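Asker: Read off the chains here:
Number of protein chains: 2
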Amino acid sequence: MKSLISSELSVINAGLERFAEPLAARRKPVARCRWQPPAAGDAALGWKLARLVGHPKIEAANKIAYERYLASTPLLAGVETAGAVIPAMQGRKLLLHSGPPISWAEMCGPQKGAVAGAAMLERWADSPEAAARMAENGEIELDACNHHNAVGPMAGVISPSMPLWVVRDAVNGARTFCNFNEGLGKVLRFGAGGPEVLERLRWMGEHLAPVLQKTLAATGPMELKPLMAQALHMGDEVHNRNAAATSLLFRKLAPAALAGNVADEKELAAAFGFIAGNDHFFLNISMAACKLMLNAAAGVPGSSMLTVMARNGVNFGIQLAAFPGRWFQARANYIEGLFFPGFSQADAARDLGDSAITETCGLGGFAMAAAPAIVQFVGGSTDDALRNTLAMKAITLGANSAFTLPMLNFGGAPAGIDARLVVDTGILPIINTGIAHKEAGVGQIGAGLTTAPLPCFTAAVEALYEEVGNAQ
Amino acid sequence: MKSLISSELSVINAGLERFAEPLAARRKPVARCRWQPPAAGDAALGWKLARLVGHPKIEAANKIAYERYLASTPLLAGVETAGAVIPAMQGRKLLLHSGPPISWAEMCGPQKGAVAGAAMLERWADSPEAAARMAENGEIELDACNHHNAVGPMAGVISPSMPLWVVRDAVNGARTFCNFNEGLGKVLRFGAGGPEVLERLRWMGEHLAPVLQKTLAATGPMELKPLMAQALHMGDEVHNRNAAATSLLFRKLAPAALAGNVADEKELAAAFGFIAGNDHFFLNISMAACKLMLNAAAGVPGSSMLTVMARNGVNFGIQLAAFPGRWFQARANYIEGLFFPGFSQADAARDLGDSAITETCGLGGFAMAAAPAIVQFVGGSTDDALRNTLAMKAITLGANSAFTLPMLNFGGAPAGIDARLVVDTGILPIINTGIAHKEAGVGQIGAGLTTAPLPCFTAAVEALYEEVGNAQ
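Respectively, the protein sequence lines represent chains A and B. Residues 1 to 472 (the working numbering) make up the first sequence, in order. Residues 1 to 472 (the working numbering) make up the second sequence, in order.
By construction, these hints were calculated from the structure, which means they are not laboratory data. From a predicted model like this one, the values you see are computed outputs, not experimental measurements. Using N, Cα and C, we set each Cβ at its ideal position, and we do this for glycine too. Mixed in with the good hints, there may be bad ones.
DMTMM-like, lysine to aspartate or glutamate: derived pairs with alpha carbons at most 20 angstroms apart [claimed, not checked]: (1) A/93 <-> A/59; (2) A/252 <-> B/17; (3) A/57 <-> A/462; (4) B/266 <-> A/267; (5) B/186 <-> B/122; (6) B/57 <-> B/467; (7) A/28 <-> A/42; (8) B/214 <-> B/267; (9) A/225 <-> A/279; (10) B/214 <-> A/265; (11) A/93 <-> A/80; (12) B/186 <-> B/439; (13) B/266 <-> A/265; (14) A/252 <-> A/279; (15) B/266 <-> A/264; (16) B/252 <-> A/265; (17) A/252 <-> B/139; (18) A/252 <-> B/267; (19) A/57 <-> A/466; (20) A/266 <-> B/265; (21) B/252 <-> A/267; (22) B/93 <-> B/136; (23) B/252 <-> A/279; (24) B/438 <-> B/336; (25) B/252 <-> B/267; (26) A/214 <-> B/264; (27) A/214 <-> B/265; (28) B/28 <-> B/17; (29) A/225 <-> A/67; (30) A/93 <-> A/126; (31) A/266 <-> B/267; (32) A/266 <-> B/264.
Covered stretches of chain A, going by a simulated chain B footprint (3 or more residues, C-beta under 8 angstroms) [what the hints assert, rightly or not]: (33) 249-259; (34) 368-378.
Only chain A is shown next, with the shape it has when bound in the complex (with noise of 0.2 angstroms):
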């Protein structure tokens, strides 16, 4: 060994960390660059991945998608009954769900709960029991809140009596949509659906969203990147932190409520207050605002891009930009984090929700750096954070210079997930996210990072080959 390790000896380590080791315990310059085999060293994806990276026709349909992402300019446009701007819930009892298609039989344990609590909201069953006999027949039809335009967080159950934000784009004029934030505590998102979550949602449908559709009828459409890019610069990345673009909103809405004079001031005092309370509530405008400028890029024939990441609490779902509504799917991950007292993972259910896409948007996990105090939440940190970021640099098209991080010396956030580079490098896009139980009612019990599967990008870089690789 000594003779291998001589005063002159420059060593650049890749892969293994065990190789670098002696060498750095004897003070020996050695520079570590993190590498493991392509493709998780499956040498026949290997070989296809090689095939995709550099290839002109996926180069190109990227810069298309990544620039329509960049271009898309998300509107807060209105507050609509869910069963009013989507078509399919016309006339059906319809449960939208966040994350891929699943069955009843299939579904995790808050899904299921929240399923059943929407359908007694609507009255169409009056027990979980009824309930859940009605989605097991098929008397109550599932479907996934993406194949609407629509995401929802956790649970992500929409039903058609709810009120919904309105989001649309000032270049296309398409539209997206996410429920409304219940709060933290019992809620339908973490499945829960006794009385007093019926009684709160019921309450938000008939009296908050007149006050904020009468409100935004006021200001009129108001753009949400520049709100989110402020938050952005204090201390949110807009998806598990909200605090400052909550705020932000109120600052807006509330003096346009009174100044429209919207409703009576028992009924702004109930509303605003409720909005004051909840550093969320910004979350799910966050969401459809993402959906939105992702559905700006989806549909570019050959395209490595990520347009949706979701999970229903089992499996963890991708779409390309390539492959508008395809699905490659895999079992989603459990999440590292801080539990509340009295919990621990023996508890959590997977990864859960549409939330995810944020990260699919370059915010969430990869603008930690913007939100180092969420560390404090997550575990971790500040340097954990602006460490998360600067990885997914290695895994995306480039910087958006909407979203810039202080951090950063005001770079863009990391955004465009390209799946090629997902599988070449074996960096995972980072996902901060809130832990549920994983029985039905019990609500939030954590919160922490976790992953992408990297199943979900293998198989779209499989079938991404067969569209393009063959055709070469």
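Given the coordinates of chain A, assemble chain B onto it according to the supplied hints.
Answerer: For chain B alone, kept in the frame of chain A given last:
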């Protein structure tokens, strides 16, 4: 030269950089130690300083003063008219101003303009010229805000009819005061006194103040340190950037005003529309809170800790905890920063206002690492913001764990400026501040950074030596 720079040479360079440069240019290891002769090279002062460094009476006094500062618990307690809470104003034509005391004849342009405007607000004079004559002949009396437990930003003029924020110490019941923030553009604090300025001030007294007074009666006293701490996690340094603190305050006050039914919707719309439109609205509350925390430390014999830094646009004054009410003054500096289009350094007033009380309290320039977004406004980079905060560690007694900074991995803001350390190191307190036009009424023309001038600190150290050093 060559013989000196052998490969075995390892150099520590203290002081002048130019001795290190030739070594560094030849890639020889040279550790650079920032050093300059203490007391700016004044040998007599250096000798006195040496007697004060580590002096047990001063160390013990500083411990008491610093702990009283840390323990102080400012509550936003209410809104009162200046004439009602500042006893000296009763039955006199007294106007308060920022900085150390100064005569009318010596005042800078913006402060003269603000005095004239306030005299017209009070209807003591019907023109700036008439007001000037009254100030000149002593009919209008002038005194420093700081002599009355008050602070005011920029010109800092407080007149008897103005509404003031009242901040109360939960520990000892002491109170401090600051006027309301008028927003940007033509405002009294920059020396403007035209009809629109007086009209806004009258509306603030007659309409805004009652709404806020009743709203605070509904909320009860509001703890300010947690709100300021939260704002530090949201990109504010609560001096030149108060976007988050204003938003958080707004989110607390607006729902309380609605729920408490404190005024009709039209009145609430005007009041909360005004607050929502002014990112700096919280500044004046921050200043009163800082003044309160530092007042708690004032009056500890022998303490070299600063309790006041204040500027009147001509002179910069500091006070030590050892000598409450005694000013140590020097000529105020100009500000280095960014100018609004059409303005330059030639148009600028010297450093002005009581707002450096925030830096005295460990915030503002001392907490710049919390507010990297501010570098876009005052010039520099995110790294500069961090470097400024770290530099202040060399002249402060500790880190305030109530005010943690994400970029320091949640370490506390450097706080408790020790006059001895400033003279010893030559490192001057950094102040983030606005730049006023040197003539009355033009307004703000930029923002940037400046420092407290060294002679204030050398004078304070001389006085401390007279008091303590001789007695040993």
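Asker: None of the hints should be skipped; say for each whether it holds.
Answerer: Okay, the hints, checked on the actual structure:
At most 20 angstroms may separate the alpha-carbon atoms for a hinted pair to count; residue 93 of chain A and residue 59 of chain A exceed this at roughly 43 angstroms. This hinted pair does not check out: residue 252 of chain A and residue 17 of chain B have alpha carbons roughly 52 angstroms apart, beyond 20 angstroms. With a CA separation close to 16 angstroms, the supplied pair residue 57 of chain A and residue 462 of chain A stays within the 20 angstroms bound. Annotation: proposed proximity of residue 266 of chain B to residue 267 of chain A holds, straight-line Cα distance about 15 angstroms (limit 20 angstroms).
Taking the CA atoms of residue 186 of chain B and residue 122 of chain B, the gap is about 19 angstroms. The hint holds against a cut of 20 angstroms. Annotation: proposed proximity of residue 57 of chain B to residue 467 of chain B holds, straight-line Cα distance about 11 angstroms (limit 20 angstroms). Taking the CA atoms of residue 28 of chain A and residue 42 of chain A, the gap is about 34 angstroms. The hint is violated against a cut of 20 angstroms. Taking the CA atoms of residue 214 of chain B and residue 267 of chain B, the gap is about 12 angstroms. The hint holds against a cut of 20 angstroms.
For the proposed pair residue 225 of chain A and residue 279 of chain A, the alpha carbon gap of about 19 angstroms is at most 20 angstroms, so the pair holds. Our distance criterion of 20 angstroms between C-alpha atoms is met by residue 214 of chain B and residue 265 of chain A, whose separation comes to about 15 angstroms. Of the pairs offered as hints, the one joining residue 93 of chain A and residue 80 of chain A holds, with about 18 angstroms between alpha carbons and a cut-off of 20 angstroms not exceeded. Simply put, residue 186 of chain B and residue 439 of chain B have alpha-carbon atoms about 13 angstroms apart, close enough for the 20 angstroms limit, and the pair holds.
The suggested pairing of residue 266 of chain B with residue 265 of chain A holds, with an alpha-carbon distance near 11 angstroms, which does not exceed 20 angstroms. Simply put, residue 252 of chain A and residue 279 of chain A have alpha-carbon atoms about 15 angstroms apart, close enough for the 20 angstroms limit, and the pair holds. Distance restraint check for residue 266 of chain B and residue 264 of chain A: the Cα-Cα separation of roughly 11 angstroms lies within the 20 angstroms cut-off, and the hinted pair is therefore satisfied. This hinted pair checks out: residue 252 of chain B and residue 265 of chain A have alpha carbons roughly 16 angstroms apart, not beyond 20 angstroms.
For the given pair, residue 252 of chain A sits about 46 angstroms from residue 139 of chain B by alpha-carbon distance, which is inconsistent with the 20 angstroms threshold. Of the supplied pair hints, the one linking residue 252 of chain A and residue 267 of chain B holds, its CA atoms being roughly 17 angstroms apart against a limit of 20 angstroms. Between residue 57 of chain A and residue 466 of chain A, the direct Cα distance comes to roughly 13 angstroms. Compliance with the 20 angstroms bound is thereby established for this hinted pair. For the suggested pair residue 266 of chain A and residue 265 of chain B, the alpha carbons sit about 11 angstroms apart, so the restraint of at most 20 angstroms is met.
Between the alpha carbons of residue 252 of chain B and residue 267 of chain A the distance comes to roughly 17 angstroms, so the proposed pair stays at or under 20 angstroms and holds. Pair hint residue 93 of chain B plus residue 136 of chain B holds up; C-alpha atoms about 13 angstroms apart against a cutoff of 20 angstroms. For the hint pairing residue 252 of chain B with residue 279 of chain A, the CA-to-CA distance comes to about 12 angstroms; that is within 20 angstroms, so the pair holds. Between residue 438 of chain B and residue 336 of chain B the alpha-carbon distance is near 15 angstroms, which keeps this suggested pair within the 20 angstroms criterion.
Proposed proximity of residue 252 of chain B and residue 267 of chain B is supported: the alpha carbons are some 18 angstroms apart, at most 20 angstroms. Pair hint residue 214 of chain A plus residue 264 of chain B holds up; C-alpha atoms about 19 angstroms apart against a cutoff of 20 angstroms. Of the supplied pair hints, the one linking residue 214 of chain A and residue 265 of chain B holds, its CA atoms being roughly 15 angstroms apart against a limit of 20 angstroms. Of the pairs offered as hints, the one joining residue 28 of chain B and residue 17 of chain B holds, with about 15 angstroms between alpha carbons and a cut-off of 20 angstroms not exceeded.
For the suggested pair residue 225 of chain A and residue 67 of chain A, the alpha carbons sit about 15 angstroms apart, so the restraint of at most 20 angstroms is met. Pair hint residue 93 of chain A plus residue 126 of chain A holds up; C-alpha atoms about 15 angstroms apart against a cutoff of 20 angstroms. This hinted pair checks out: residue 266 of chain A and residue 267 of chain B have alpha carbons roughly 15 angstroms apart, not beyond 20 angstroms. Between residue 266 of chain A and residue 264 of chain B the CA atoms are separated by roughly 11 angstroms; this keeps the pair inside 20 angstroms, and the hint holds.
Given as covered by chain B, the stretch 249-259 of chain A passes the check, having 7 residues with a CB less than 8 angstroms from a CB of that chain where 3 are the minimum. Note: the stretch 368-378 of chain A has 3 residues with beta-carbon separation from chain B under 8 angstroms; the three-residue rule is met and the coverage holds.
Comparing the model with each earlier hint shows violations of hints 1, 2, 7 and 17; every other hint is respected.
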